[in-house]
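A.B. asks: Take a look at the letters that make up each chain.
There are 4 protein chains.
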Amino acid sequence: MNSFEPRDPDFESRVRASFARQDFMVTLGAEMVHLAPGEVDLAADFKESLRQQHGFFHAGVTSSIADSAAGYAALSLFPPGFGVLTSEFKINLLNPAMGPRLIAKGRVLKPGKLLCVCRSDVYGGAECATHVATGLFTMVAREGLDD
Amino acid sequence: MNSFEPRDPDFESRVRASFARQDFMVTLGAEMVHLAPGEVDLAADFKESLRQQHGFFHAGVTSSIADSAAGYAALSLFPPGFGVLTSEFKINLLNPAMGPRLIAKGRVLKPGKLLCVCRSDVYGGAECATHVATGLFTMVAREGLDD
Amino acid sequence: MNSFEPRDPDFESRVRASFARQDFMVTLGAEMVHLAPGEVDLAADFKESLRQQHGFFHAGVTSSIADSAAGYAALSLFPPGFGVLTSEFKINLLNPAMGPRLIAKGRVLKPGKLLCVCRSDVYGGAECATHVATGLFTMVAREGLDD
Amino acid sequence: MNSFEPRDPDFESRVRASFARQDFMVTLGAEMVHLAPGEVDLAADFKESLRQQHGFFHAGVTSSIADSAAGYAALSLFPPGFGVLTSEFKINLLNPAMGPRLIAKGRVLKPGKLLCVCRSDVYGGAECATHVATGLFTMVAREGLDD
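Heads up: the sequence lines are chains Z, P, E and B, in that order.
Using the numbering used here, read the first sequence as starting at 1 and increasing by one per residue.
Using the numbering used here, read the second sequence as starting at 1 and increasing by one per residue.
Using the numbering used here, read the third sequence as starting at 1 and increasing by one per residue.
Using the numbering used here, read the fourth sequence as starting at 1 and increasing by one per residue.
Incorrect hints may have been included.
Restricting the straight-line Cα-Cα distance to at most 25 Å, the calculated cross-link-like pairs of lysine to aspartate or glutamate (DMTMM-like) are [said to hold, decoys possible]:
#1 K47/Z with D23/Z
#2 K110/E with E127/P
#3 K113/P with D121/E
#4 K47/E with E31/B
#5 K47/B with E48/E
#6 K47/E with D45/B
#7 K47/E with E31/E
#8 K47/B with D146/E
#9 K110/P with E143/B
#10 K47/B with D121/B
#11 K47/P with D23/Z
#12 K47/P with E31/Z
#13 K110/B with E127/Z
#14 K110/B with D146/B
#15 K47/B with D23/B
#16 K110/Z with E143/E
#17 K113/B with D121/Z
#18 K110/B with D146/P
Facing chain B, according to a computed beta carbon distance under 7 Å, are these residues of chain E, among others [claimed, not checked]:
#19 S18
#20 D23
#21 A59
Since the hints were made in silico from the structure, they are not lab data.
All C-beta atoms in this analysis are idealised placements derived from N, C-alpha and C, irrespective of residue type, glycine included.
With the hints as extra help, turn the sequences into a complete structure.
C.D. replies: This is the structure we're talking about:
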């Protein structure tokens with residue numbers, strides 16, 4: 001795996017403060033369970049309000065936590081004064097997203113001044129041993145965006 | 001645009017019943033505002049619980065309603081006894097997803113016995129005139145899946 | 001459809017000169033059959049050297065002309081002194097890519113200073129009436145890149 | 001990494017015979033340099049006929065060998081009598097695709113009876129140490145398709 005040098009020594013407090021402002025992550029019950037330069041894991045427990053029609057986590061939940069994990073992995077490497085926006089992503093849903101818990105592991109593949117490409121893998125099922133989804137994300141660093 | 005012949009004369013009640021079972025769409029406040037063979041529009045009003053860190057709709061909300069709109073557009077063309085699962089999707093976020101309302105327009109591009117390719121476009125901002133996102137979705141028809 | 005104002009009055013000669021330097025397009029036998037601000041169509045005739053194992057155009061040919069059509073649609077809107085690079089793309093292959101000819105229609109969906117999102121649709125079969133593929137592309141404007 | 005059990009004891013000769021029929025891979029000068037169940041590597045040397053306008057490998061070349069590597073990784077796990085078609089793919093171009101050689105490593109992530117999800121990573125530059133591209137591919141198993 002890659003190892004990255006953060007350009008902001010305060011990256012940790014900045015990432016956590018921004019994540020705390022994502023009301024939608026509160027709605028999903030997501031919490032940040034790992035943070036390192038270029039790496040963020042988010043986890044969410046199963047609840048009825050997140051279900052699709054067959055009783056699994058909705059694909060939108062899976063992709064939402066995958067997206068935020070990737071976005072904060074990217075933000076952890078941005079210099080101070082730059083915020084993060086998702087430009088695009090693609091996700092393959094490999095197995096039904098079953099509880100009791102989903103964990104999304106966002107990792108930076110290619111950091112850049114303007115664009116940052118990340119991968120995010122989501123695991124679920126018993127002991128989070130099932131590979132539920134894998135995705136690729138392009139994140140944009142936007143100067144002056146308050147993150 | 002394409003015009004499609006549904007293989008299930010009861011497609012409308014089947015699609016609406018399945019949508020009503022997606023608890024996550026209730027969580028998002030999404031409602032089905034258009035349904036025709038191969039076409040579904042979903043709309044969701046802005047609320048604080050759907051925000052990302054800059055105050056816009058979270059990209060996960062945008063992609064979730066885009067995904068469900070595409071999935072139900074596909075399901076409307078499936079024969080009785082087949083359910084729908086998202087296999088994969090890709091979405092480009094074109095403009096910040098601002099309220100007061102998002103509308104996702106799911107359309108079938110290529111129906112098939114096993115796979116159905118759809119496009120979904122999301123609009124927001126004043127009078128829903130801003131093109132917020134565009135995505136491509138592959139939906140799978142699964143026999144015996146209760147939809 | 002959108003209509004765009006080019007930022008370079010000489011966009012046409014610049015796009016054609018750059019296309020002429022893409023040796024790989026010569027290898028494919030691709031020619032530019034339409035050029036307007038934000039719009040480029042490329043066409044390629046079937047030949048044995050472009051086949052996959054079942055005798056159709058290889059998916060790589062379909063995606064290559066879709067990519068170049070999208071890239072030159074983007075370049076047509078860039079200011080002088082900026083070159084174009086593909087950042088990422090996604091393509092769905094809707095029908096077998098049969099000859100006698102493929103035509104790829106690249107269109108700008110969202111122009112931007114740094115990023116330009118495009119769609120590209122490829123048609124083939126008799127009278128190019130079959131929708132062979134549809135894709136979404138993110139193009140980057142890079143200053144100082146000689147295009 | 002995953003390890004897979006092939007369902008066709010003759011998978012190796014079948015994969016190599018199909019690859020030999022892909023005229024487009026001959027056009028690119030691609031050769032198969034690794035084959036194991038669920039794993040195929042393809043390599044192509046730089047030549048002028050594969051260039052884009054700045055002198056690098058064209059993105060279409062990168063994605064073409066990534067696609068064939070993924071497709072043959074999938075085919076290696078199919079039962080006899082099933083051929084392979086690319087349903088869709090997405091690729092992020094991480095660094096300029098420089099020679100002297102590109103190598104694409106296709107790996108099966110999720111095998112299935114009908115769909116097979118693969119990843120393909122492409123490396124180039126000195127000693128193929130630069131990560132040029134990463135992509136996700138959905139391959140379809142089609143019965144009766146002669147591969």
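A.B. asks: Next step is simple, just say for each hint if it's right about the structure.
C.D. replies: Verification of the hints:
no. : hint               : verdict
1   : K47/Z with D23/Z   : holds, 17 Å
2   : K110/E with E127/P : holds, 19 Å
3   : K113/P with D121/E : holds, 22 Å
4   : K47/E with E31/B   : holds, 21 Å
5   : K47/B with E48/E   : holds, 20 Å
6   : K47/E with D45/B   : holds, 22 Å
7   : K47/E with E31/E   : holds, 14 Å
8   : K47/B with D146/E  : holds, 20 Å
9   : K110/P with E143/B : holds, 20 Å
10  : K47/B with D121/B  : holds, 21 Å
11  : K47/P with D23/Z   : holds, 10 Å
12  : K47/P with E31/Z   : holds, 21 Å
13  : K110/B with E127/Z : holds, 19 Å
14  : K110/B with D146/B : holds, 23 Å
15  : K47/B with D23/B   : holds, 17 Å
16  : K110/Z with E143/E : holds, 20 Å
17  : K113/B with D121/Z : holds, 22 Å
18  : K110/B with D146/P : holds, 24 Å
19  : S18                : holds, 5 Å
20  : D23                : holds, 4 Å
21  : A59                : holds, 4 Å
Checked against the numbered hints above, the structure violates none of them.
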